[in-house]
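Modelling step: build the complete structure from the supplied sequences, incorporating the hints.
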Amino acid sequence: MEIRPILSALMRSKVALVLIGLQIALTLAIVCNSLFIISQRVQMMGRESGINEADTFTIGSLGFGAAFDIKTSIQEDVALLRSLPGVADATPTNTTPMSNGGWSTGINLTREQKTSTAPSAMYFVDEHGLNAFGAKLAEGRFFTADEITFRERSSVDWPPVIVITRALANKLFPDQSALGKQVYLDTEGNPNTIIGVVERMQVPWIGWSAEDGPDAEFYSTFVPQNVAFGNFGRYLVRTEPGRRDEVMKAAEAAMLKSNHSRIVREPRTIERIRAEGYQGHRAMTIILIGVIVSLLAVTALGIVGMASFWVTQRTKQIGTRRALGATRGSILRYFMTENFVITSLGLALGVLLTYGLNYWLMANYAAQRLPLVYLAGGIVVLMLLGQAAVFGPATRASRVPPAVATRSV
Amino acid sequence: MFYYYLQLGLHSLKRNPLLTALMVFGIALGIGTSMTSLTVFYLMGSDPIPWKSDKLHVVQMDNWSVEQPYRTPNEPPDQVTYLDANALMQAGKADLQTAMFKLVWPLQPDNQDIKPFSSLGRATYTDFFAMFEPPFKYGGPWDRAQDKDHGRVVVLSSATNEKLFGGQDSSGKKVRLNEIDYTVVGVLDKWQPRVKFYDLTNGAFNDSEEYFVPFTTAIELQTQASGNNSCWDNPKPGWDGYLASECVWIQFWVQLNSTARKDEYLSFLNNYVGEQKKLGRFPRALNNRLPDVNEWIVDQGVVPSDAKIQVGLSFAFLIVCLVNTIGLLLAKFMRKSSEIGLRRALGATRGQLFSQHLIEAGVIGISGGLIGLFLTWLGLMAVRSLYKDLNSVAHMDWFMVLTAIALSVTAAVLAGLFPTWKACQITPATQLKTQ
Chain A
1 MEIRPILSAL MRSKVALVLI GLQIALTLAI VCNSLFIISQ RVQMMGRESG INEADTFTIG
61 SLGFGAAFDI KTSIQEDVAL LRSLPGVADA TPTNTTPMSN GGWSTGINLT REQKTSTAPS
121 AMYFVDEHGL NAFGAKLAEG RFFTADEITF RERSSVDWPP VIVITRALAN KLFPDQSALG
181 KQVYLDTEGN PNTIIGVVER MQVPWIGWSA EDGPDAEFYS TFVPQNVAFG NFGRYLVRTE
241 PGRRDEVMKA AEAAMLKSNH SRIVREPRTI ERIRAEGYQG HRAMTIILIG VIVSLLAVTA
301 LGIVGMASFW VTQRTKQIGT RRALGATRGS ILRYFMTENF VITSLGLALG VLLTYGLNYW
361 LMANYAAQRL PLVYLAGGIV VLMLLGQAAV FGPATRASRV PPAVATRSV
Chain B
410 MFYYYLQLGL HSLKRNPLLT ALMVFGIALG IGTSMTSLTV FYLMGSDPIP WKSDKLHVVQ
470 MDNWSVEQPY RTPNEPPDQV TYLDANALMQ AGKADLQTAM FKLVWPLQPD NQDIKPFSSL
530 GRATYTDFFA MFEPPFKYGG PWDRAQDKDH GRVVVLSSAT NEKLFGGQDS SGKKVRLNEI
590 DYTVVGVLDK WQPRVKFYDL TNGAFNDSEE YFVPFTTAIE LQTQASGNNS CWDNPKPGWD
650 GYLASECVWI QFWVQLNSTA RKDEYLSFLN NYVGEQKKLG RFPRALNNRL PDVNEWIVDQ
710 GVVPSDAKIQ VGLSFAFLIV CLVNTIGLLL AKFMRKSSEI GLRRALGATR GQLFSQHLIE
770 AGVIGISGGL IGLFLTWLGL MAVRSLYKDL NSVAHMDWFM VLTAIALSVT AAVLAGLFPT
830 WKACQITPAT QLKTQ
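Chains as they are written, first to last, in my numbering: chain A, 1 to 409; chain B, 410 to 844.
Hints are not guaranteed to be accurate.
[What the hints assert, rightly or not] Label pairs and their computed distance ranges (CB to CB): (1) Q416/B with V42/A: 49 to 57 Å; (2) A694/B with L137/A: 41 to 49 Å; (3) L811/B with S39/A: 35 to 43 Å; (4) S258/A with D642/B: 38 to 46 Å; (5) V810/B with A79/A: 57 to 65 Å; (6) P482/B with R4/A: 32 to 40 Å.
Because the hints were derived from the structure by calculation, they are not lab data.
The structure presented is a predicted model; accordingly, all values stated were derived computationally and were not measured.
Yeah, the Cβ is synthetic: ideal placement off N, Cα and C, and Gly gets one too.
Okay, here's the thing in C-alpha cells:
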C-alpha cells in the first residue's frame with residue numbers, strides 16, 4: 001500500500017487531521033491516567049484486612065448517666081454474646097478495621113528517644129480478641145484471661161504485654177524476631193513486652209499509609225484492656241459461617257432485654273463497615289469507568305462521522321480509482337491505512353499529553369508515575385478502536401461502483 | 410430573518426438526523442459530566458456563610474511538642490486544650506466567642522412510645538447562636554448567666570423537636586439527656602449548613618446537631634467529647650488531670666468585627682501564649698493563627714483531591730466532545746459547499762451566511778445544553794447515591810443552572826465558529842464550476 005498519496009491527501013485537509021488527532025490524543029491521556037487511578041483504587045479496595053469479614057459484626061451499648069456501671073456492663077455483655085447460639089466468639093473492642101475511627105499511639109524502642117519509631121493503631125480487646133476477629137497468629141501467643149485489665153480514666157500506664165502485627169514487627173525490628181522484645185508505648189511508663197505477632201490486622205483508617213509507606217496501614221497493636229471510661233461499650237461478634245444475619249438480630253434483642261439502663265446501638269456488619277469505609281474509592285472508580293466508556297464512545301462515533309463524510313466527499317474519486325483498476329480491497333485498505341496514519345499521529349501527541357496529565361496529578365495530588373504498560377495498553381485500545389470505527393465507512397467506500405466516475409452530479 | 414435562518418437550520422439538521430443526534434449528544438454528554446463534577450466541587454468549596462465569613466475566625470495556638478509539629482510542615486493544632494479554651498472564654502476579648510465540642514448522649518424521651526436513642530449534641534456557649542446564626546423557630550438561645558451557672562438548658566433542632574414534641578412549641582418543657590433533665594429554651598428551624606464549617610475536625614459533611622447544651626454544664630458533668638482528641642503528652646490521671654492536660658479536643662471560634670479587632674485579638678493571643686511560655690507551656694515557637702471561614706475550609710482540605718481530579722478530567726472530556734462536534738459540524742457544512750456556493754452566487758452576503766450557520770450551530774448547542782442539564786441532574790443523583798455523605802452539596806442551584814446554560818452556549822458557539830467561518834470562505838465560482 002502506498003502511504004504517500006494518503007499523506008498528500010491528508011495534508012490537503014489539515015483541519016480534519018488536527019481535529020481527529022487532537023481528539024485521539026486527549027482520549028489517550030484521559031483513558032490511561034483514569035485506568036491507572038482505577039487500578040490503584042481497585043488494588044486498595046482488594047486488600048485483605050486480615051480479619052474474618054464474612055461472619056462478623058459489631059454491636060454497641062451506651063449507658064445512661066454517671067451511675068452507669070460500665071465495667072459490669074462490659075463483662076455481662078460479652079458473656080451474654082458468647083452464650084448466644086450461633087456465636088463463635090466475641091470480644092470487647094474499641095474499634096474495627098476500616099471504621100475510620102480509633103486510637104493511635106507512637107511506639108518507641110528506647111526511653112530516651114524523642115520521636116517515636118512507628119505510629120500504631122491500638123485495638124483494646126480481651127483474651128478472645130484474636131479468635132473473635134478471626135485474625136491469624138504468626139508467632140508467640142495471644143493474651144490470657146488474667147492479663148486483661150480495665151483502662152479507666154485514671155489509667156496512664158500501658159499493660160506489660162502487647163501483641164503486634166507482622167508489618168509493625170518488621171518496621172520496629174527489621175531482620176529479627178520481635179517476639180520477647182520490649183518497646184515503650186509511653187517513654188515515661190513501663191516497657192511493654194511483645195508476646196505475640198499477628199499475621200495481618202488493618203488499622204481503622206483507610207488511607208493511613210501516606211507518610212510511612214503502604215505497610216503502615218497494617219501497623220496495629222493489640223492491648224489486653226477493656227476501655228471503661230465514658231458509658232460506651234462496643235463488641236465484635238463472629239458467628240458460625242452463614243449465621244451472621246440471624247445472630248445479629250438475636251444479639252440486639254438479647255442485649256436490649258438484658259439491661260434497661262442503656263441503649264443498644266444498631267449492629268453493623270464488617271461488610272457494611274468496609275463498604276462505607278471505601279465508599280469514596282468505589283465512587284471514584286465507578287465515575288472514572290463511566291468517563292472512560294463515554295469518552296471511547298464519543299471518540300469512536302466521531303471517527304465514524306468524519307470517515308463517512310470523507311467517503312461521501314470522495315465518492316467520485318473512489319469511482320475514478322475503481323474505474324482505473326483499483327480493487328475493492330485496495331479502497332478498503334486505503335481508508336483503513338488513512339485512519340491508521342491519523343491515529344498514529346494523534347497517539348504520538350497523546351503520549352505527551354498523557355505524561356503531562358500524569359505530571360499534573362503527581363505535582364498536585366501525590367499520584368505516582370504512570371507505568372508504561374498503561375500507555376501501551378491505551379495505544380493498542382485506541383488503535384483498534386480507530387480501525388473498528390473506520391471499518392464501516394471504509395466498507396461502504398469499497399462498494400462505490402466504478403460507474404460513478406462517469407456520472408456527473 | 411432570524412426566524413428564517415432558524416427554519417433553514419432546523420431543516421438542514423433534519424436532513425441528517427443521525428449526525429445531528431451525534432453532535433447534540435456529544436455536547437450534552439460533555440456538559441453533563443463537567444457540570445456534575447463542577448457543581449459538587451463548587452458547593453463543597455463555596456462560602457457557607459457569605460455575609461460574615463470574614464468576621465468568624467478559628468483560634469489556633471501551637472501548644473504542640475517541641476519535637477514535632479502537629480501537622481507537617483509547621484501547622485498548629487486545629488483544636489485547643491481545655492486550659493486555653495477556658496482562659497480565652499474568661500478573658501472574653503473577642504466581639505463574640507465560643508468554645509465547643511461534639512458529644513453523644515442518650516436521649517430518654519418522657520413518651521414511653523419512643524425508645525431512648527443515642528443522639529449527637531454540641532456543648533457550646535450562647536455566643537454560638539449569634540455567631541453562626543442558626544434560625545430559631547421558637548424561643549431563643551440561653552443567656553450568659555446560664556453559661557456561668559452551668560444551666561440545665563437545651564436548644565433543640567427542629568428534627569428533635571418534631572420527634573419529641575410533634576413540632577409544637579416546646580419552650581419550657583423538659584428533655585432528659587443522660588439521666589439529667591434539661592429545660593428547653595429554644596427550638597431551631599431547619600438548619601444544615603452545606604459544609605459543617607464550625608467543626609471541620611469531625612467531618613465536613615456530617616449531620617448537624619440534634620441539640621445544644623451549655624459548655625460549662627457538659628464539663629461539670631465530666632462529658633467526654635466524642636470528637637477527635639489528640640495528645641502529645643500523657644494526661645495526669647482522672648478528669649481533672651485530663652482538663653489540665655495538653656490534649657486538644659475543643660474547637661474555639663471568635664467573631665471579630667473588623668480587621669483592627671482581628672489584629673488586636675492576635676496580639677492578645679500572642680501575649681497570652683507569651684505568659685504561658687513563662688509557666689513552661691507552649692514549647693514551640695510562637696505560631697498563633699486566626700483563619701477565617703474560607704481560609705479554614707481550604708486549610709482543612711474540605712474539597713477532597715478526588716473532586717478536583719474529577720473536575721480536571723471532566724473538563725478534558727468536554728474538550729474532546731467539543732473537538733468532536735467541531736469536526737462533525739465542519740464535515741456537515743463542507744458537504745453543503747455547493748449549496749453555499751449557489752446562495753453566494755445568487756447574492757447572499759458572507760455575513761448572512763455566517764449568521765445562518767451560526768444559528769444552526771447555536772441550535773445544536775442549546776439543545777445539547779438542555780439535554781446536558783438533564784444529564785447533570787441525573788449525574789448529581791448518581792453522586793448522591795455513590796457518596797452518601799454528599800447530600801448537601803450534590804444539588805443544582807440557580808447559579809449552577811445558569812452556569813450550565815452559559816457553558817453550553819459558549820461551547821456550542823466556539824464549536825460552531827470555525828466551521829461557520831470555513832463555510833463562508835467557500836468561493837462561489839469553484840463550487841459552481843464542477844456542476
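Each hint, compared with the structure:
no.	hint	verdict
1	Q416/B with V42/A: 49 to 57 Å	52 Å, holds
2	A694/B with L137/A: 41 to 49 Å	47 Å, holds
3	L811/B with S39/A: 35 to 43 Å	38 Å, holds
4	S258/A with D642/B: 38 to 46 Å	40 Å, holds
5	V810/B with A79/A: 57 to 65 Å	59 Å, holds
6	P482/B with R4/A: 32 to 40 Å	60 Å, violated
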